[in-house]
Amino acid sequence: MAAVSPRRLRARPEHVDDQPLHDPTRTGIVLASTNVVLFSLMSLAQWAGWGGLNRASHSGDAVAVSEALAVMAVNLAYGLLVVGGTFALRPMRWGAKVRYPLIALVALVASVPRAVAMRAIYTTPEGAVYIGAEWLAGFFAGFLAVGAGVFVAAVVGRARREERRRLQVARRAARAVEELQSEEMRVRRMVSDHLHGNLQYRLVTVTAGLDGVAASLDGAGADPAAAAAQLRAWAERLEEIREQEVRTLSHAVFPAGVELGVVRAVDLMLRRLPPQIATSIQTGPGLRRFERLGQVPLMLADRLVAVYTIEEAVTNALKHGHASRVSITADVRPVPGEPERWVMEASVDDDGTGMPDTDVELHGLARHAERLETRGGHLTLGPSALGGTRLSFALPFERTTATLPTGELPVVPEH
Amino acid sequence: MTDQVVRVGIVEDEALMRGMLEQTLASETNLRVVHSVPGATEARLVFTPGSVDVALLDVHLPDGNGVALGVQLQRQDPDLAVMLLSSEDVMGLFSSVQEEAPRPWSYLSKRSSFARDVLVRAVAATAEGQVVIDPYLVQRSEPRSGSAVADLTPAQFGVLRLVAEGLSNQAAAERLGINTRSVESHLKSIYQRLGIDGDGSNRRVAAVLAFIEQTGRSWRT
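Protein sequence lines, in the order shown, are assigned to chains Y and P. Residue 416 in my numbering is what sits at position 401 of the first sequence, and the numbering runs on without skipping anything. Residue 92 in my numbering is what sits at position 98 of the second sequence, and the numbering runs on without skipping anything.
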């Protein structure tokens, strides 16, 4: 089993509807092309303005038309060359510091043949000043026309990304509410089953046992010493029922210490494990920083997801994997480019019998995987360096700046 | 402090339990109950610094919790000794409190507080600066696998258990049927194995804290 590579547990297929309606690059190309068409038309007007038309018409209408078309064609070809050259280099891939100099370079290269071609048209002036001015103007016009297109593409791209993010957040929130409701129903059902099943059954056995002790005292030849011993044994039994059942229920509803952070709650949980199990918990620098500041970065709902997932992993390790050692790591780090959005990464390693393969176990884990995915996270199972299973998960969350009120250190759930 | 009267303050919301504690403690000549209140709010008012030696605090209070109250009271009065009372096993929580509290606490389950001798001994030992843990839980505690306490011999662990219950060396020797010197030598080895140095009473407290930290309890299923 140790050769099994980590795999992601998926609760549902990936959503495919997160793509933008259309590509912002296309918007940029359309705008840049429109700009260069306008530029070529304006150059035609300019050619007419400085007398080119007048000069050409002396040679007949046919020459005037061909010269006009040549001016337009040269400028249009130049413009499209800059558009094509720029977008072929995928300007949206680069940052603004690379993107705009890139356009300038393309315009610079393409503006040289343009100047040469413009000079070749015989109705244009031939002086060096004209050529220089024409070349410079062409360069700037090309740069601005395409630059504007790229700029708009960038703005649209940003807006789309923002829109998509908002959509994702909204969808995530809707799923979280849905999931919360189903989780609440699950916990209710579990508590109810537990009350009617385990607890009731165990209390009935105590009642019957006590009746038995009473009956033995009623009869002739009653042995008070033996009855006292039996009563003590039953008292002990009651104590265990209280400790186990009541705690199980209370924990299912609200794990102890979760108000104080994920690590504290997990620590309390580890302390409750039978002493034969060696345990360790390590927190990374991100979590330790928050701890020093007395802050709990995760919201309560997120903390519950993390604590219950870790608990499920530990329970699986002990119940199905027969592990004698569990080792937990946890840390938080910011998500790059998304302010206030962080991710908690945690792992549970054990030295048990390896990857889970029973349906019950995978079913339990799939529920947790789904809760994590609802929040944009994921859950992975793989072999552990300790010899058993390694469960790791990522849970993205919006950071809170809640601090622990002083003196409000430990809180115990009410029974 | 042993000759002086120990002043006790009780914070417990269940009237029957409070009455039982008052009666049991009042009947002892070296103990005096100076305050007995049902909630955290009242306690903050009457537990003025210097007026109480040992505070008996219920973990669950209607207007807050006893642990937070204890930390607050002890910050105002660093000489105050605190003993927690709880109906369920709060050892994990109790253990993590030891790092935050200005001085170590004791912990008794409500079940054990019904036993007069256990309650009185725990209050007296706590007043002397010892850390006392509920004897019922102590007897159910086993060393956590992989910890330093797990490296102790069974005899050493047996001695550590009794120290955790708040017994003196002499009382522990009597309980184990060995002489006091043996208990002392066991203690020395315990300190060494647990890496505890310092002077007498601090070492004893450190050993009990290690016991709390490095043991667990298993319950039959």
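Among the clues, some could well be false.
[To be verified] Some, not all, of what chain Y presents toward chain P, calculated at C-beta under 7 Å: (1) 227; (2) 238; (3) 239; (4) 283; (5) 286; (6) 293.
These are computed hints drawn from the structure, not numbers from a lab. From the three backbone atoms N, C-alpha and C, an ideal C-beta is built for every residue, glycine too.
Sort out which numbered hints this structure fails and list those numbers smallest first. 1, 2, 3
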